[in-house]
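Asks: Model the placement of chain B on the given structure of chain A, informed by the hints.
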Amino acid sequence: MAYAGGIIGLPFSLEGAAFFLEAIFAGIYLYGWDRLSPRTHWLCGVPIAFSAAASAFFIVTANAWMNVPRGFQIVHGRVTQVDPLAAMFNPAWATETSHMVLGAYLATAFGVASVYAVGMLRGRRNAYHRKAIALGLSMAAVLAPLQVGVGDLLGRTVAAHQPATLAAIEGVTHSERGAGLNVGGIPVPAHPAGILDVKIPNLLSVLAFDRPNATVRGLDTFPKANRTPLAGPARLAFVGMVGIGTGLVALALWYWLRRRRDGTGPEDRVTLAALAAAGPLALLANELGWLVSEFGRQPWIVYGVFRTSSAITTSPGLGATFTAFTLVYVGLSALTVWSVRRLAARPLDGFPAPGVV
Amino acid sequence: MSLAGLLALILGMSLTAYALFAGGDFGAGILDLLAGRHAPERAAIEIAIGPLWEANHVWLIFAITVLFSAFPAAFSALGTALLAPLTVALVAIVLRGAALGLRASLEAGTRGHMLLSRLFGAASAVAAFAFGLVAGGVAVASRSGGIPSIPWTGTFAIVVGALAVCLCTQLAASFVAVRLARAGETRLLIRLRRRGLQAGAGVLALSVAALAVAASASPPIFRRLTGVALPLVLLGLAAATLSLLALVVRRYRVARAASLLTAAALVWGWLVAQSPNLIGTRLTIHTAAATPPALTAVAIACGVVLLGVPPALYLLFVMFARPRPEVIE
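As you go down the protein sequences, you meet chains A and B in turn. For reference, each letter of the first sequence is one residue, going 1 to 357 in this note's numbering. For reference, each letter of the second sequence is one residue, going 1 to 329 in this note's numbering.
Here chain B stands alone, though its shape is the one from the complex:
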């Protein structure tokens, strides 16, 4: 594999990690919005977000730095064509983080707390939707022309945006459900299970709808989705179905694993379907790549990340795996 290909793989992996972890965070915000004034449900969601809500965005920052350094031409084209949706996503991420942080300084049940919660939830939904628009738009970007046209306001992009919102909600619902099942909170669990079923049905329906829209609106991408990326698309649909079935029979751990698998399979289905193109057919992994010395430097930097970050992340996860243990020495 070429160095550019390797870096594209690393880019895909960090985007997947972002989709799974930050997707769960966005979903938690959406669940908070859907929970209305039901205080115990919102408290359960807040506990499930835990300490990861800010570290997760680093996956996106890392993906952006790799794109900037290894594929500068694609970075420039994406930044130009997608200024509006990316700005919306960025503002939404900042607002949801700020709202969640500021909310902690207020008593639950006060008006300010409620307002900040609504901001947190709405901004989470907007961020997920905007990222879906971007992914959908890039997938069907036009195949020629000097400045790539990325139809992020097209039907396909909008369907993918809605799909992203449902996917995030389902991810978060399955995570919260596992926690509630372990704690034996049966009444809350019923509510979260219902959310999970609704979101899961949305994921399945919108995945099929996205394929149908692609078939009519963008035949090239449809051919790729049903060709080279077919195993991943089928895996995604199967995992989405499994996640629903697992919720029906109350196997929450299975539902959580299946919804993680759904998200990963759909992200990789998208990436494989458009590989080796980054945007349209002009900007590919090879034509947009920086010079070999620059790629080598970025690859070394990625190596540093691979050496340092997984152990630190492991430490973080181990520490929070068990709720409130006795002091560890």
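If we strip away everything but chain A, and leave its shape as in the complex, we get:
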């Protein structure tokens, strides 16, 4: 920690700048409804969108650097030859930032569709709800297939630069030549190696190295001290993320195929229920992706360079701090749910109370 800032500080400072602009324009946007013309007010949303995306981009370049550290050398325990641009634009920057930003937009797209799918399930079947679902799924139709491609590219980045992480998330315990892609292999406490193995022959070798007979290193080829102790959770998070992602692509495809055939989107209860679930699931996929990045990198905080165990603060009271933050998060989550429910129950000015429509 005493040296990371000197290497990867640039995107953090730039993120500070982007966050600054976002906060200012969010203030203008939130409090400016009756002080600005509708057009000016709407235009104030543009810098919010841009600076939010820029914030995500800058922060994820820092995470990419933790996964594929570049732009410095360590000589006798001292950091030398620092190149902030090489650190920021490390080999994982493009794939990791694209994957995260697309993930965030997808979660929003399905989140919007989800809210209105719940409305339709509750009987509010009107043009307003139909348009909102179509709006969310238009964005999803473009971004979801793109996300599959970007995810594949990110997988190749991991294969090239984080072999131990690849082995953990793909559940490869022993090295394999022409490794198959396991679409099951879910680790459970009794079977840490995974159950429900469904292997597609040679596919992992093709996806990772473009050669059907390429060798994928197994976890057992790494010294025990350099293997993630969280291989099971990392695999679970990865399977969950990919599973949800595949389901979301299928859902978007199903919606638009039906819409093309029938002229209107599908409004049966099963499709609506799937759409309703898609919002929370898309958010969950984002969280699982972060777990893949973090669990998969262990025992390193900076892959191959710096161990998490030596990065932890030497300050006492770590347990108390952890407990305090956990309690704060739980308490705030409960308060947020409570207050959003209250706001939702209150009629908007000029609109009838919900449930009456």
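Hints are computed from structural coordinates only; laboratory data are not their basis. There's no promise every hint is true.
Here are the in silico distance ranges between beta carbons for each label pair [what the hints assert, rightly or not]: (1) His41(A) with Val228(B): 46 to 54 Å; (2) Pro145(A) with His38(B): 30 to 38 Å; (3) Pro299(A) with Glu107(B): 49 to 57 Å.
Cβ-to-Cβ under 8 Å is the rule here; a few derived chain A residues that face chain B [claimed, not checked]: (4) Ala4; (5) Leu10; (6) Leu14; (7) Ala17; (8) Ile24; (9) Trp42; (10) Ser98; (11) Phe209; (12) Phe222; (13) Asn286; (14) Ser310; (15) Gly319.
From the three backbone atoms N, C-alpha and C, an ideal C-beta is built for every residue, glycine too.
Replies: For chain B alone, kept in the frame of chain A given last:
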């Protein structure tokens, strides 16, 4: 000036901006706590906070990113030695923001609204006090040793913590007073003026007390405060006195300007007194600095901030300078 010196200056400027703007916010929370169940007074305070209450913390975030990027060794040492008070401050900031936001969804006068208000006020006071502890502790950090010892539980730090609470209260009281004077709300103004006088007296007394404690507990910092930083210390004391006098003669705009000046002078008095040391004497602006290419990168990032943020902030302030104008086109 070296690049490290320039970045230290930028760090000091963003800390000052944070002390003034967020200090006013914390003070508003403390005033809300002091107002008890007096609904009109609390409503007047709430209006004065306006839209700035969340944007202000970005100054702190910016200062932290500059510290992390430009002075990583100091960032690491501060984060280790001050984990407890900084965690308390952080939790308090989150709680006060959340309480203020959630409060808006409730009717004024209900029990939930009151509870959230109390949380907002108490957390504001705790945050101000914790930041005072941190500043006071860093000022008298020991001058040697591998791991710096930062006595944030010492008498000096506690006095500075109390000083920070009074300073925030005075800032907020003078801001609300200007607004009330303009609106002609005489009865409320009397109450806010009294708060301002109490807090201002506290600022003056605690500033002198801090100097006295420093003289006995930490002679090196006292020598610096009465040496190189003396003009700033005197300016701070003079501004604190002026702010009190201005409240006595009901010149509220003067009181507001003087309390802003007090806060800025005290922050810079602290920074100049310990310059070029960041913590103790081992970690200075120069020994804790990152490598030259990293400093250049951070300086460029700061340039981006200077280009983009002031115009946006100006827009925000202009928009809210006048209460509820007609639609602007």
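Asks: Hints first: check each against the structure and report whether it holds.
Replies: Structure-based check of all given hints:
1. About 50 Å separates the C-beta atoms of histidine 41(A) and valine 228(B), a value consistent with the hinted range of 46 to 54 Å.
2. A C-beta distance of roughly 60 Å is found between proline 145(A) and histidine 38(B), which places it outside the suggested range of 30 to 38 Å.
3. Between proline 299(A) and glutamate 107(B) the beta carbons are some 53 Å apart, a value that agrees with the proposed interval 49 to 57 Å.
4. The interface hint given for alanine 4(A) holds, since its Cβ lies 7 Å from the closest Cβ of chain B, which is under the 8 Å cut-off.
5. Checking leucine 10(A) against chain B: minimum C-beta separation of about 4 Å stays under 8 Å; hint holds.
6. The beta carbon of leucine 14(A) comes within 5 Å of a beta carbon in chain B, closer than 8 Å, and the hint placing it at the interface holds.
7. The interface hint given for alanine 17(A) is met, as the beta carbon of that residue sits about 4 Å from the closest beta carbon of chain B, less than 8 Å.
8. Below 8 Å, beta-carbon pairs count as interface contacts, and isoleucine 24(A) has one with chain B at about 4 Å; its hint therefore holds.
9. The interface hint given for tryptophan 42(A) is violated, since its Cβ lies 13 Å from the closest Cβ of chain B, which is over the 8 Å cut-off.
10. Checking serine 98(A) against chain B: minimum C-beta separation of about 22 Å lies over 8 Å; hint violated.
11. The restraint placing phenylalanine 209(A) at the interface with chain B is violated, with a minimum CB-CB distance near 35 Å, outside the 8 Å limit.
12. Residue-level restraint check for phenylalanine 222(A) is violated (minimum Cβ-Cβ distance to chain B is 29 Å; threshold 8 Å).
13. Using the Cβ-Cβ criterion of 8 Å, the hint placing asparagine 286(A) at the interface with chain B is not satisfied: the shortest such distance is roughly 22 Å.
14. Because the closest C-beta pair between serine 310(A) and chain B is about 12 Å apart, greater than 8 Å, the hint is violated.
15. At its closest, the beta carbon of glycine 319(A) sits 12 Å from a beta carbon of chain B; the interface hint therefore is violated under the 8 Å criterion.
The structure fails to meet hints 2, 9, 10, 11, 12, 13, 14 and 15 from the earlier list, while all remaining hints are met.
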